[in-house]
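S.K.: Each chain is listed here by its residues.
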Amino acid sequence: MRNSLYIVIVGCGRLGSHLANQLSRVGHAIVVIDSNEETFNDLSPDFSGFRIVGDATQMAVLKQAKLKRADVFFATTHGDNVNLMVAQVARKLFNVPHVLARVFDPRREQIYDQLGVETICPTAVAAEMFLMAVASHRAAAGEVKS
Amino acid sequence: MKVLMAGRGKTLYFLCRNFTAKGYTVVIINRDREECVHLARQLSALVVCGDASDATILKEAGAMDADVVLAITPNDQDNLVICQLASIQFNVPRVLALANDPDNAEIFEKLGVSAFSTTHIVGSLIEQRASLEQIINLMPVGEGRVNVTEIILDADSPVSGKLLKDIILPKNALVAVVIRSNQPIVPRGDNDLLAGDRVVLITLPENHGAVLKAFTGERK
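Protein chains in written order, with this note's numbering: chain B, 1 to 146; chain L, 147 to 366.
In case anyone wonders, no lab produced these hints; they're calculated from the structure. Here the structure is a predicted model, which means the values were calculated and not measured.
If you want the ones that stay clear, here's a sample from chain B, every Cβ over 12 Å from chain L, calculated:
#1 G13
#2 H18
#3 T39
#4 S48
#5 A133
#6 V134
#7 S136
Coverage of chain B stretches by chain L, computed from C-beta distances (three or more under 8 Å per stretch; other residues unrestricted):
#8 86-94
#9 107-118
Below, a sample of chain B positions facing chain L; criterion: calculated Cβ distance under 10 Å:
#10 M59
#11 G79
#12 D80
#13 N81
#14 V82
Note that CB positions come from ideal geometry on N, CA and C, so glycine has one too.
Chain B on its own, in the form it takes in the complex (with noise of 0.2 Å):
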């Protein structure tokens, strides 16, 4: 692998923004597309990459963010459906080589994995470690106990 990546983010929100913050910060080549132009603010002042104002459900947006040349693609919008949209596209149409997409239903995932488009489910994810947190407390409880 190079030592720079060329990595499109869709969605500068907190999630977005901030994976844009550090992967910048290590020297990363960012693109962040988001169409709401007051979510920029939200970027560290030494973030070095573009900012792409539009809509990236639309083809036209995802050319100017030369989706072509990329290595990585991170759809992380607050909305599943668009994420699930623009991954399939980045994958599919511009042969991205790994599209990470955000999806909160985590019914939604399962049918995604299917497509062949990777998801993170934060909702899954905290569920998980919630649960985990909760075990091993008892785990600790019981050991005490006994």
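Since chain B is already given, all that's left is putting chain L on it; use the hints.
M.R.: Positioned in the frame of chain B, the structure of chain L alone reads:
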């Protein structure tokens, strides 16, 4: 036939009225509670209130035994996901998505979902009805990369009375069929064209105007 429709507004309303009049069973999925009440009162269709890109809502609407799912919401991403869910999770045999952005029609097809763009359809209707009187039919095929145009030649046409081989056509254009007194002929170079002939042309959007001009001449 059972048709599931996700969407809103007048298009949905009139389509549903049209389908129920034909005897189809129609189920509407709409997110807006107020519009749902209104639709349920006015139409003889089952109305389900909710997000059609949610599998539980599709199930509630009876996607299992639907013959067709039609997604015509104003959001392309929703239309795509609704159709993919319907076909993958519920094995609906035919799904159709509206592409609000005409570019998305092609993208949806590539992602395995049949799609249409009203912009394309209305655009070609306007060209067909309003541009030239001689055009009686214009149909874009191959996602709009090819036009099939039917024109009628009149006496003023610069090609009337000429042999096909003497007509200079732009590249990538073809006279596919000539219909003379209801008799279709697939013409060769030694066929002639006469006023009153109906000619079916294959053109590309980039040479369409030039080809038409060759057959109809300059007109105001």
